[in-house]
Amino acid sequence: MAPPAISPTGGWIGTTIFVVIFLAALTVFGLRVGQLVTLLAKARREDRTDHLEERIGDFLLVVLGQSGVLRDPIPGLAHFFTFWGFIIIQFGLLNLILGAFNGSLPLIGHDHTFAALLDLFVLFVLVSLIVFAVRRGIVRPRQLSSRLHGPWDGFIILGLIFLVLLTLALVETFGFAASHGEEWSLLGSWFGPSFYGLGTATNVALYRVFWWAHILTVLSFLVYLPGSKHLHLMATPFNVFFRNYGPRGALPLLENLEEREDYGVSKAEQFTWKQLLDGYACTECGRCNTVCPATNTGKPLLPKEIILGVKESLLDRRHEIVGEPNLFQKLPLADVRSNGHEEIQPLVGGVISKEALWACTTCGACMEICPVSIEHVPKIVDMRRSLVMEESDFPPEVTSLFNNIERNGNPWEISNDRRAEWAAGLGVPLMAENPDAEVLYWVGCMGSFDQRNRKVATALVKILKAAGVNFAILGPEESCTGDPARRIGNEYLWQMMAQQNIEVLNSYGFNTAQTETATAQNGHGHNGQTSRPRTIITACPHCFNTIKNEYPQLGGHYEVIHHSVFIDRLIREGRLQLPSGFDHRKLTYHDPCYVGRYNGVYDEPRRVLTVLNSNGVTEMRRNRNRSFCCGGGGGRAWMEERIGKRVNQTRVNEALETEAEVLAAACPFCIMMFEDGVKGVEAEERLQVEDIAEIVARALEEAATPSASRAGQ
Amino acid sequence: MKIFVCVKQIPDPNTVESKLDPATKRLVRTGVSLVLDPGDETTIAAAIKLRDSLGNSELTAISMGPASAQEALRRALAMGVDRAILISDSALAGSDVLGTARTLAAALKRENPDLIFCSTESTDGYTGMVPGAIAEFLGLPQLTFAREINVEGTKAVIKRVTQTGYEVVESPLPAVVTIASGSFEAIYPTMKGIMSARKKPFSQLSLSDLGLDPSQVGEAGAREQVLSIGKAEARAAGQIIKDEGNAAEIIADFLQRHQLL
Ligand code: SF4
Ligand code: SF4
Numbered sequence: 001m002a003p004p005a006i007s008p009t010g011g012w013i014g015t016t017i018f019v020v021i022f023l024a025a026l027t028v029f030g031l032r033v034g035q036l037v038t039l040l041a042k043a044r045r046e047d048r049t050d051h052l053e054e055r056i057g058d059f060l061l062v063v064l065g066q067s068g069v070l071r072d073p074i075p076g077l078a079h080f081f082t083f084w085g086f087i088i089i090q091f092g093l094l095n096l097i098l099g100a101f102n103g104s105l106p107l108i109g110h111d112h113t114f115a116a117l118l119d120l121f122v123l124f125v126l127v128s129l130i131v132f133a134v135r136r137g138i139v140r141p142r143q144l145s146s147r148l149h150g151p152w153d154g155f156i157i158l159g160l161i162f163l164v165l166l167t168l169a170l171v172e173t174f175g176f177a178a179s180h181g182e183e184w185s186l187l188g189s190w191f192g193p194s195f196y197g198l199g200t201a202t203n204v205a206l207y208r209v210f211w212w213a214h215i216l217t218v219l220s221f222l223v224y225l226p227g228s229k230h231l232h233l234m235a236t237p238f239n240v241f242f243r244n245y246g247p248r249g250a251l252p253l254l255e256n257l258e259e260r261e262d263y264g265v266s267k268a269e270q271f272t273w274k275q276l277l278d279g280y281a282c283t284e285c286g287r288c289n290t291v292c293p294a295t296n297t298g299k300p301l302l303p304k305e306i307i308l309g310v311k312e313s314l315l316d317r318r319h320e321i322v323g324e325p326n327l328f329q330k331l332p333l334a335d336v337r338s339n340g341h342e343e344i345q346p347l348v349g350g351v352i353s354k355e356a357l358w359a360c361t362t363c364g365a366c367m368e369i370c371p372v373s374i375e376h377v378p379k380i381v382d383m384r385r386s387l388v389m390e391e392s393d394f395p396p397e398v399t400s401l402f403n404n405i406e407r408n409g410n411p412w413e414i415s416n417d418r419r420a421e422w423a424a425g426l427g428v429p430l431m432a433e434n435p436d437a438e439v440l441y442w443v444g445c446m447g448s449f450d451q452r453n454r455k456v457a458t459a460l461v462k463i464l465k466a467a468g469v470n471f472a473i474l475g476p477e478e479s480c481t482g483d484p485a486r487r488i489g490n491e492y493l494w495q496m497m498a499q500q501n502i503e504v505l506n507s508y509g510f511n512t513a514q515t516e517t518a519t520a521q522n523g524h525g526h527n528g529q530t531s532r533p534r535t536i537i538t539a540c541p542h543c544f545n546t547i548k549n550e551y552p553q554l555g556g557h558y559e560v561i562h563h564s565v566f567i568d569r570l571i572r573e574g575r576l577q578l579p580s581g582f583d584h585r586k587l588t589y590h591d592p593c594y595v596g597r598y599n600g601v602y603d604e605p606r607r608v609l610t611v612l613n614s615n616g617v618t619e620m621r622r623n624r625n626r627s628f629c630c631g632g633g634g635g636r637a638w639m640e641e642r643i644g645k646r647v648n649q650t651r652v653n654e655a656l657e658t659e660a661e662v663l664a665a666a667c668p669f670c671i672m673m674f675e676d677g678v679k680g681v682e683a684e685e686r687l688q689v690e691d692i693a694e695i696v697a698r699a700l701e702e703a704a705t706p707s708a709s710r711a712g713q
Numbered sequence: 001m002k003i004f005v006c007v008k009q010i011p012d013p014n015t016v017e018s019k020l021d022p023a024t025k026r027l028v029r030t031g032v033s034l035v036l037d038p039g040d041e042t043t044i045a046a047a048i049k050l051r052d053s054l055g056n057s058e059l060t061a062i063s064m065g066p067a068s069a070q071e072a073l074r075r076a077l078a079m080g081v082d083r084a085i086l087i088s089d090s091a092l093a094g095s096d097v098l099g100t101a102r103t104l105a106a107a108l109k110r111e112n113p114d115l116i117f118c119s120t121e122s123t124d125g126y127t128g129m130v131p132g133a134i135a136e137f138l139g140l141p142q143l144t145f146a147r148e149i150n151v152e153g154t155k156a157v158i159k160r161v162t163q164t165g166y167e168v169v170e171s172p173l174p175a176v177v178t179i180a181s182g183s184f185e186a187i188y189p190t191m192k193g194i195m196s197a198r199k200k201p202f203s204q205l206s207l208s209d210l211g212l213d214p215s216q217v218g219e220a221g222a223r224e225q226v227l228s229i230g231k232a233e234a235r236a237a238g239q240i241i242k243d244e245g246n247a248a249e250i251i252a253d254f255l256q257r258h259q260l261l
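Residue numbers (the UniProt record's numbering), protein chains in the order written: chain A, 1 to 713; chain B, 1 to 261.
A few of these clues could be false.
[To be verified] In silico EDC-like links for lysine to aspartate or glutamate, alpha-carbon gap of 16 Å or less:
#: 1; chain 1: B; residue 1: K192; chain 2: A; residue 2: D393
#: 2; chain 1: A; residue 1: K267; chain 2: A; residue 2: E320
#: 3; chain 1: B; residue 1: K192; chain 2: A; residue 2: E391
#: 4; chain 1: B; residue 1: K199; chain 2: A; residue 2: E258
#: 5; chain 1: B; residue 1: K192; chain 2: A; residue 2: E320
#: 6; chain 1: B; residue 1: K192; chain 2: A; residue 2: E258
#: 7; chain 1: B; residue 1: K199; chain 2: A; residue 2: E259
[As the list claims (entries may be wrong)] Here are some of the chain A residues that sit facing chain B, going by a computed Cβ distance under 8 Å:
#: 8; residue: N256
#: 9; residue: E258
#: 10; residue: I344
#: 11; residue: E390
#: 12; residue: S392
#: 13; residue: F402
#: 14; residue: N408
Keep in mind that the hints were calculated from the coordinates and are not lab data.
For each residue, glycine too, the CB sits at the ideal point set by N, CA and C.
Sequences and hints are given; from them, build the entire structure.
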């Protein structure tokens, strides 16, 4: 705690003024943050303290290691240095403040290494600032434009940071000059000596002037921060810490449907605090917009605007939510927003348009790329829930979907009694006939009724038979899983369908929670046999995801595997003998959102395809977790696509860019969308859409009659 | 105003292939999924729209049928109807148009309705005669094929669908109005609707409540007799025209042959 060479305040009067200003700024800052926190406290509750150890580990990696932003290397690195520069500069600042009390930081206060490090970071940050300014002012990526804070917020912040650095450099320069090098710093040692000529008294005075300038800039920054987009500096660490550690493919359960007052979100405070914290944490980087299939095809949906819209709506109604009159209203300085919007728009259909909500395919690309773990899809679905269940306001074509699912157990006007018709003559037993089947093949509505996807179902049966799998289907006992209903916002219908299916699955002893208790009780599982895991497989990623990740919310715990993974397993276990490299056509593979991003299955389908195809898999521009949606998810398959370019055609064109002859997929909706897309761009002659099961089934035929028509020859 | 809407539960026309019982020559209603007649859903929508525009009005759905018809009425309540009445009595089984209309009219009469909505016809029987018979039993005027309806003072004014457009027709209240199918968008119930449907007034009436004699209704009172039933001729397969450069010509010819051009 050695005293500084020169007292920056010049005595107790200066120090007292400093203390007053400092405390005032701190108070304003505290009140502003207090207002933001109060708003969160008024929101719905949600527990985000599970997986604590992982939370802490990831926190270190993402926040301190900046692993999120680093995925985009140039702005990422600039951000990395700004972040660390900021931290280091804080210590420098502390040192300067202690100077007012004739002190300094212990250990590093007068340490030259620290002083040098500090200045190196100042230089780093300066370079980063230039990178940011160039991006914002000259390159101007569209995703950076901000509706909420206007175009100036970004520049004000950059300007403030620049001033902080400039005044710091001047403090160091004149500190060095005034003390003749006793107050050593890197920058001071470079520039200080040139000012010796001014004389010590002038240098001391200039030192004090810039000390004040520096402190005041920093304090203005502090006061400005909570109301600006750089609020993320404070909110991001919390947001990353409290991010979702549950299954990514599960939408939150809407509990207590019978007794609740509201069904979804029509006002910002109906979100949980974590959903609202997302708004504070959004850095407005716009990465989500760049990957969104809706944004990319000219729909009125920009995921960033969803997040900022929720924040805007929350702040618009801040006084109403906190309760009027309140402290923040009476103290204008404590209010994060000074100019209240004259007319407060409703959240849904006002700040956020209904068209935007309906345009989402729930593909999850936005959540995947967001560097600060923001959750877009649950918000979009929450607002859809309100539209569907409270307002009965949805695209008209969805009405028959809901009615059909409810009445017929499938999306069409077809009696569910006919669900097993596709399997007639294939020798596929029903569960009722083969209750001990080791594997339940969950066919899904598309596999059961859709002409194109019945071929996939037939191919999968061929594979299961060839591998000698003891399997069965449910036939008319199977109903729509409810996935499209849930993603469109009809939680009630999803719960209804889920309960019905869970009952059926449990009756055949598939519930792993039940088998475990049964085993624990008498050492035997289903039908008195020793319990072995009984598996459900399905070719539909939407059925797969909802049964696997969402049915547990209603007590249905099952071992569910996507058919691509099951086939890969059969091959690796040697149960399927396939002629490797039999297919010579150039092939590309599309990752279905609900297999890839939501459930992390990328390698298995590729492994299978690589074995079978002599050219392996030619990747599209966007692949694996960056895959671009087919346009069919989130219930979009059941809605008209009235605005902009077609999502499916956009993806088909990407497949065509690879010059592939086969577009392999692993999802009935993708197949449907792509078949349609291929026709739309008139590429029927050039590109075949095939399910991975169809390719494997053809390989089996090839193995049986090796000389038979060689695909692609 | 007291507004009523007559509704019916029928075998789901979208999924159930209607089966006829050769012995009774009637539609088989057991073991099939039953729904509120989709036509009635749009009629209910029309009635709700009018009720909401009038204000200070009550809308009651009324149905005659077995106990299962409760479900159809619950759906109507969930859509936004205020109150439901089910007339259920074993003696009603096998009612024809006359018996049905007599029963519904008796129940309506007790309520002093101002306006009674019916669909033009049911989606299972398609007789289209019940609304007229109700009007007759109650001695009320009937307005038919409405695609729009308003109440002006003590008059009901409708736009009546015709071959070429519509006519504006009015009648004094009370009146029976039939709604032209497809004129209104069915309402998908909200959760509030579904939940509150459980708590809305629901009364069940028997024949004796209505002061009707079992001999006047049901099989016993039927004046209509189904003489025979037969399969409708299957629609002939369409003709597929493949464009080999002359498709337009073929289509034009086809239309000309059928005097459509
Ligand atoms: S889930 Fe997909 S479609 Fe929806 S907002 Fe995110 S990126 Fe866009
Ligand atoms: S939501 Fe995430 S990706 Fe989108 S702008 Fe905000 S921080 Fe960036």
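Here is how each hint holds up against the structure:
| no. | hint | result |
| --- | --- | --- |
| 1 | B:K192 with A:D393 | holds, 14 Å |
| 2 | A:K267 with A:E320 | holds, 11 Å |
| 3 | B:K192 with A:E391 | holds, 9 Å |
| 4 | B:K199 with A:E258 | holds, 12 Å |
| 5 | B:K192 with A:E320 | violated, 25 Å |
| 6 | B:K192 with A:E258 | holds, 10 Å |
| 7 | B:K199 with A:E259 | holds, 13 Å |
| 8 | N256 | violated, 11 Å |
| 9 | E258 | holds, 7 Å |
| 10 | I344 | violated, 24 Å |
| 11 | E390 | holds, 6 Å |
| 12 | S392 | holds, 5 Å |
| 13 | F402 | holds, 6 Å |
| 14 | N408 | holds, 5 Å |
Of the hints listed earlier, those the structure fails to meet are numbers 5, 8 and 10, in rising order.
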